[in-house]
Amino acid sequence: MKLNILILIATLFFTACGSSGNKGVNSVESGSTQFISATVLEDVNTSTMLTVIKSSIDAGATNAFGYKAIKITYNTVGENDEAVVASGLLVIPTASDAYKAYLASLGKAFSVSMICENHGTIFTNAEAPSNVEKTNGLPDYPTAILMTGFAGFAAIIPDYIGYGASNNIAHPYMLKKSSARASLDMIKASMKYMNDNHIVLNYQLYISGYSEGGYCAMALAQKVEKSFSTNVNLMGVAPMAGPHNLEKFATIELNSSKIMPYPAFLAYVADSYAYYNKSINLSDLVNETNTTLYHSLFDGSKTSIEIHTALGLVTDARGGFNQHTPDALFKSSFLNDYENNANNVLRVAFAKNRTDDWIPKSKINLIQCVDDDIIPFSMSQDAYNSFIAKGVSSSQITLSPIPTSILTQQQDAAHPFIHANCGNTAYGAAVKWFDEIRQGKIK
Amino acid sequence: MKNTLIKTLTLTLMTSSVVYAGGYKIPETSTNGMALGAANIAHNKSADAAYYNPANMIFMSDESRLETDLIYIGLSPTKFKGSAEIAGATIPADISAKSENFVLPAINYVSPKLGKTRVGLSISVPGGLSKRWSDSPAKDSAEEFTLEVVEINPTAAFELSKNLALGVGFRILYSKGIVKSTSLASRDMEGESLDYGYNLALSYKGDNSLEVAMTYRSNIALTEMGNAKLKIGNAKVYDGGANVSVPLPASINLALAYTLETKTSIEFVYERNLWSAYNRLDFGYRSSIPLIIQPSMDAPIDKNWKDTNTYRLGITQELDAITFMAGVVFDRSPVPDSSLSFELPDSDSISVSLGARYKINDKIDVGISTLYSMRDARSINSADSNNNLDGKFSNSNVFMLSAGLGYKF
Numbered sequence: 001m002k003l004n005i006l007i008l009i010a011t012l013f014f015t016a017c018g019s020s021g022n023k024g025v026n027s028v029e030s031g032s033t034q035f036i037s038a039t040v041l042e043d044v045n046t047s048t049m050l051t052v053i054k055s056s057i058d059a060g061a062t063n064a065f066g067y068k069a070i071k072i073t074y075n076t077v078g079e080n081d082e083a084v085v086a087s088g089l090l091v092i093p094t095a096s097d098a099y100k101a102y103l104a105s106l107g108k109a110f111s112v113s114m115i116c117e118n119h120g121t122i123f124t125n126a127e128a129p130s131n132v133e134k135t136n137g138l139p140d141y142p143t144a145i146l147m148t149g150f151a152g153f154a155a156i157i158p159d160y161i162g163y164g165a166s167n168n169i170a171h172p173y174m175l176k177k178s179s180a181r182a183s184l185d186m187i188k189a190s191m192k193y194m195n196d197n198h199i200v201l202n203y204q205l206y207i208s209g210y211s212e213g214g215y216c217a218m219a220l221a222q223k224v225e226k227s228f229s230t231n232v233n234l235m236g237v238a239p240m241a242g243p244h245n246l247e248k249f250a251t252i253e254l255n256s257s258k259i260m261p262y263p264a265f266l267a268y269v270a271d272s273y274a275y276y277n278k279s280i281n282l283s284d285l286v287n288e289t290n291t292t293l294y295h296s297l298f299d300g301s302k303t304s305i306e307i308h309t310a311l312g313l314v315t316d317a318r319g320g321f322n323q324h325t326p327d328a329l330f331k332s333s334f335l336n337d338y339e340n341n342a343n344n345v346l347r348v349a350f351a352k353n354r355t356d357d358w359i360p361k362s363k364i365n366l367i368q369c370v371d372d373d374i375i376p377f378s379m380s381q382d383a384y385n386s387f388i389a390k391g392v393s394s395s396q397i398t399l400s401p402i403p404t405s406i407l408t409q410q411q412d413a414a415h416p417f418i419h420a421n422c423g424n425t426a427y428g429a430a431v432k433w434f435d436e437i438r439q440g441k442i443k
Numbered sequence: 001m002k003n004t005l006i007k008t009l010t011l012t013l014m015t016s017s018v019v020y021a022g023g024y025k026i027p028e029t030s031t032n033g034m035a036l037g038a039a040n041i042a043h044n045k046s047a048d049a050a051y052y053n054p055a056n057m058i059f060m061s062d063e064s065r066l067e068t069d070l071i072y073i074g075l076s077p078t079k080f081k082g083s084a085e086i087a088g089a090t091i092p093a094d095i096s097a098k099s100e101n102f103v104l105p106a107i108n109y110v111s112p113k114l115g116k117t118r119v120g121l122s123i124s125v126p127g128g129l130s131k132r133w134s135d136s137p138a139k140d141s142a143e144e145f146t147l148e149v150v151e152i153n154p155t156a157a158f159e160l161s162k163n164l165a166l167g168v169g170f171r172i173l174y175s176k177g178i179v180k181s182t183s184l185a186s187r188d189m190e191g192e193s194l195d196y197g198y199n200l201a202l203s204y205k206g207d208n209s210l211e212v213a214m215t216y217r218s219n220i221a222l223t224e225m226g227n228a229k230l231k232i233g234n235a236k237v238y239d240g241g242a243n244v245s246v247p248l249p250a251s252i253n254l255a256l257a258y259t260l261e262t263k264t265s266i267e268f269v270y271e272r273n274l275w276s277a278y279n280r281l282d283f284g285y286r287s288s289i290p291l292i293i294q295p296s297m298d299a300p301i302d303k304n305w306k307d308t309n310t311y312r313l314g315i316t317q318e319l320d321a322i323t324f325m326a327g328v329v330f331d332r333s334p335v336p337d338s339s340l341s342f343e344l345p346d347s348d349s350i351s352v353s354l355g356a357r358y359k360i361n362d363k364i365d366v367g368i369s370t371l372y373s374m375r376d377a378r379s380i381n382s383a384d385s386n387n388n389l390d391g392k393f394s395n396s397n398v399f400m401l402s403a404g405l406g407y408k409f
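So the protein sequences, as listed, match chains V and D.
Residue 3 in my numbering sits at position 3 of the first sequence, with consecutive numbering throughout.
Residue 26 in my numbering sits at position 26 of the second sequence, with consecutive numbering throughout.
Bear in mind the hints are in silico, worked out from the structure with no lab data behind them.
Not one of these hints is a red herring.
A few chain D positions that, by computed beta-carbon distances, are all more than 10 Å from chain V:
1. T223
2. T262
3. F268
4. G284
5. A377
With a straight-line cut-off of 25 Å between C-alpha atoms, the simulated DSS-like cross-links for lysine-lysine are:
6. D:K229 <-> V:K226
7. D:K139 <-> V:K441
8. V:K390 <-> V:K226
9. D:K229 <-> V:K361
10. V:K23 <-> D:K180
Idealized CB from N, CA, C, for every residue including glycine.
Generate the whole structure from the sequences, applying the supplied hints.
Here's what the structure looks like:
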């Protein structure tokens, strides 16, 4: 009898055992849902890249990284939750044997950190990163040359929905949800490709972007922190010259007495918001009565000059367009309502899509030229103030104003906009900041 | 209610994990075993013979014996002073592991005679390891290293002659392992395993108060299979099946006992532990892990443990209603300098023990015992260490206390 009790205890003991957790294959999201295909566009060796780097970035450079450019197509989700096949450019660094030996002498090994770079506004599909990169034996995408060839990061550069593989779809311009999603899915697909191709990833992710890309970078950072923070180490975010608070940006830019510095940007925003928001009618916003024609201006086949010309905003033979107040493009009734009615549908939509109304956990460096003539510097200043007011530590949030005087490209007839001229300097500052974080110089 | 009770018992057993003897064996699995420093093999005539020497069950009086024990083990917080190299950087350290306190239950049963046979059953915790560090550089490799082992050991004894008996046993081991480390790359693994082995015993009980025994417990590879979560920084890069195997090594005991007319029994045990079975620690994963962490998380780790000798001496003095016991143990560490690490900073030890049993009546007796193990401090220098350790481990002493209740029926 006693023996039976002991056996019973022993039997029940085993039935109570068990451990939790997945015992099968790796359940960590691999990007296999996103990844569709990869096409190698270019594979430039370290020797050629050193020549390129010396001529374009640093004449005294002694090391450069190989530049392997791949067009990635991937699944993502559009603004209306529709399935979209999108594309982007992935540029992977390769280290020279000499550099590997140098690292080995320090007790280190080469591993790859990632930058998701979000490009600024483009109007033609030819400007999409995966279209800019040609198979010609040389690197073609400037920011990738800086980030990958010079600094050794993998550059993940989404074309955005509306360009590249998804050129048949309207680009959701300055729309937070799909902008962030498209970039995040590009990251996932790129990581899948790199893991499958035995790239030694260290899972450090940096995010950058300029102008529209600055807006996307901020949206993406929020998205990564919310839904991908357990899959990567988000080390630093550099949103540069982005219109983070669209409502306020438009309030400034639609002021009836202010000259529109670049009307096509505002025209593009109006078209995008009307296209993706059923409560906004394009015909209520713009003077152009042929809204079908208006919408077609942003189908990726028209340059900004063609757009300005079609909208009747070119004022001289050289294509000058920055002579107009907003009423040259927008209906006065809309401008008046936007200025005075807090419930104006576009204002409400802009407010919903602002990207500076959250509490980041990652390091953020807001980089912008103080004299930016298209995106006011106040966009960065206000975002900084907003984060600080929400209790984010000043050691985590950096505001990096760039004085015009230090720009490598000063204003001239061929380079009339500080906003554009500032790009190189801003990217230089962002990549330097990323590198300092990567090296542990910034904790 | 029954399930709750069983789960409580299970939980109690499963949280009982320690590192005590050389390596991660726990030889003292009963009150008498502790009192005699586990020298209770040749002369054993109590219920724990079911575990220590089942052949001796033949020589016991014809009645059932049941004994339950509760064993407390307290481990001092191991200290390490020195430095360790991690990712190319030398990190100075003056740190302590967490102190550990455990209560291990044990149950032993010996049946009445069934012709020339007797059967027994032992449920005990014969091995285990738990070392937890909360500071770098130790937590980089051994934030927690826990191995919990519970053994169910049904045995049978057969009379070969008036003076000679053979014991056999079937060993059922349930084990659970936890491996955690937090560094640039981190691991959080839990696994469990059900494994089997056997044990043999041969006892000679002479007419002249001489008793001789030999016991053997087989090597059992504890193949922990479960789940591992791997991280690089905060990024989880793997969450899936994983396994790792560690041996509970074979051991051979040669035991001799002699009882004087004064009812003083002197027992001696020579124990050979075949720790050389532990030559590497090799984690496996159901699917590939990222390249960057393969060297630290997937490459086999050389252990190259050595077979060891342990010497046990026990003295028992029987009086009318009370029995006094004492023991001393000389134990060697199987861990070579090359693989000495934070997960098990093992060292040689000398243990002393005391105990007593009191017979309340013909059916019931109670016992109490204690053991103190004095472990040597152990120095290591980086030239000898595969783990880039340079410094000294100390303060790994162990205090044990056991109480038991015996019942004959």
